Amino acid sequence: MIVYEFKIKGKDKQYRAIDDAIRTSQFIQNKALRYWMDNKNAGRYDLNKYCAVLANEFPFADELNSMARQSAAERAWSAISRFDNNCKKKVKGRKGYPKFKKNCRSVEYKTSGWKLSQTRKAITFSDKKGIGSLKLKGTYDLNYYEIKQIKRVRLVRRADGYYAQFAIDVNVRVETQPSGQVVGIDLGLKYFIADNKGNVEQSPQFYRKSEKQLNRANRKKSKKYDPKKKKAKKPQSTNYHKARNRYARKHLRVSRQRKEYCKRVAYSVIQSNDLVAYEDLNVKGLVRNRHLAKSISDIGWSTFRSWLEYFGHKYGKVTVAVPPHNTSQNCSNCGQKVKKSLSTRTHVCPYCGYTEDRDVNAAINILKLGLSTVGHTGTYVWGDLPSWAIGANLSSNGESLNQESQWL
1 MIVYEFKIKG
11 KDKQYRAIDD
21 AIRTSQFIQN
31 KALRYWMDNK
41 NAGRYDLNKY
51 CAVLANEFPF
61 ADELNSMARQ
71 SAAERAWSAI
81 SRFDNNCKKK
91 VKGRKGYPKF
101 KKNCRSVEYK
111 TSGWKLSQTR
121 KAITFSDKKG
131 IGSLKLKGTY
141 DLNYYEIKQI
151 KRVRLVRRAD
161 GYYAQFAIDV
171 NVRVETQPSG
181 QVVGIDLGLK
191 YFIADNKGNV
201 EQSPQFYRKS
211 EKQLNRANRK
221 KSKKYDPKKK
231 KAKKPQSTNY
241 HKARNRYARK
251 HLRVSRQRKE
261 YCKRVAYSVI
271 QSNDLVAYED
281 LNVKGLVRNR
291 HLAKSISDIG
301 WSTFRSWLEY
311 FGHKYGKVTV
321 AVPPHNTSQN
331 CSNCGQKVKK
341 SLSTRTHVCP
351 YCGYTEDRDV
361 NAAINILKLG
371 LSTVGHTGTY
381 VWGDLPSWAI
391 GANLSSNGES
401 LNQESQWL
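First residue of the sequence shown? That's 1 in my numbering, and the numbers climb one at a time after it.
In case anyone wonders, no lab produced these hints; they're calculated from the structure. There may be inaccurate statements among the hints.
Unchecked claim - Below, simulated DMTMM-like cross-link-like pairs (lysine to aspartate or glutamate); rule was C-alpha separation at most 25 Å, straight line: (1) K88 x D46; (2) K101 x E63; (3) K121 x D141; (4) K101 x E74; (5) K259 x D226; (6) K110 x D141; (7) K128 x D19; (8) K9 x E63; (9) K99 x D46; (10) K128 x D12; (11) K242 x D226; (12) K11 x D62; (13) K314 x D169; (14) K101 x D141.
Given the structure is predicted, the values throughout are model-derived calculations rather than measurements.
Starting from the given sequences, assemble the full structure and let the hints guide the process.
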């Protein structure tokens with residue numbers, strides 16, 4: 001499954017219709033979740049049947065395509081099933097009880113409700129929302145694929161406009177020649193990655209470099225906010241919404257920079273090696289450190305890992321996630337544990353005299369652990385499905401983990 005994204009061009013009336021469709025999809029998703037809360041034995045197909053009940057009860061819900069309503073119910077069921085699986089597996093901490101959505105940014109159609117033009121440069125939506133025909137702006141060519149291969153079409157709203165995503169059912173496996181190389185990767189804050197051969201990749205720190213501009217845009221937005229209007233339940237001024245949009249676009253630019261950087265590095269690592277061993281970091285737990293939370297969020301470890309696993313599957317390379325416990329403390333030469341603080345950047349073993357950079361020493365230990373477990377890795381460390389397999393169902397924020405750039 002791959003995802004092609006196009007920017008769509010239309011009139012203001014069509015954009016308002018897309019917003020209406022997104023609100024309707026959010027309404028159906030929340031209603032389906034409420035139905036499950038009131039009926040604990042309700043299953044996936046019960047939620048799909050409940051969509052027809054909502055269409056008969058609410059005229060604006062009937063305006064949305066029937067498969068788009070089912071897709072909204074499937075999003076609710078995705079959150080429910082994830083919660084059930086966490087409870088069955090006895091995951092530590094909060095189990096992720098499903099929550100009602102407040103700010104959805106996408107609506108998803110399946111195989112009906114839309115039609116591509118003969119040139120595949122425009123798409124027409126035929127439901128009663130009045131979206132109509134929209135032009136597709138992008139470098140991808142949909143003529144390479146049959147219409148039946150397009151399983152889902154999503155309309156996504158972002159700070160800089162509206163986008164259409166096409167989830168295409170295609171085999172992404174590519175045969176490559178073995179390189180005969182293996183690598184262990186240590187993820188860090190000083191270096192983005194460091195491998196067992198001593199090669200390091202500097203951390204780009206996109207958020208840190210743009211922080212002044214972001215803070216300035218945030219201050220301008222705050223100056224235009226009127227708390228009296230909120231108490232009186234009146235809408236904010238047009239200038240406030242313009243400033244809010246400028247602030248959101250700057251954040252969107254930073255997130256895109258981080259994503260493309262992680263994608264390029266992951267692609268380079270996979271192309272150069274046949275086996276990649278990396279740390280199975282608990283990023284959700286690490287960001288609770290209030291001293292390092294900003295730096296950890298800026299580095300993009302989870303994004304890098306997602307692309308590493310996806311490209312590993314695509315090009316037939318082995319990716320192994322190993323436990324990170326004591327990989328920085330143990331000596332890679334003799335195996336003895338040498339305790340050191342985060343500020344100590346050089347590993348000096350008092351037992352054997354081995355000296356190496358802290359991150360490189362950890363990368364060597366990670367590679368050893370990866371080679372020792374590669375023969376019996378039966379399940380993926382993130383659950384029943386690897387992260388690259390997430391694509392047929394899109395989360396309500398409109399993001400997709402396997403959307404490739406043109407040059408890849």
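Taking the hints in turn, this is what the structure says about them:
1. K88 x D46: Since the Cα atoms of K88 and D46 sit roughly 22 Å apart, the hinted pair holds (cutoff 25 Å).
2. K101 x E63: holds, 21 Å
3. K121 x D141: Holds. K121 to D141 sits at ~9 Å (cutoff 25 Å).
4. K101 x E74: Roughly 14 Å between the alpha carbons, so the hint for K101 and E74 holds.
5. K259 x D226: Violated, at roughly 35 Å.
6. K110 x D141: holds, 20 Å
7. K128 x D19: holds, 14 Å
8. K9 x E63: holds, 22 Å
9. K99 x D46: holds, 19 Å
10. K128 x D12: holds, 17 Å
11. K242 x D226: Cα-Cα ~14 Å, so holds.
12. K11 x D62: holds, 24 Å
13. K314 x D169: holds, 14 Å
14. K101 x D141: violated, 34 Å
Of the numbered hints given earlier, the model fails hints 5 and 14; all others are met.
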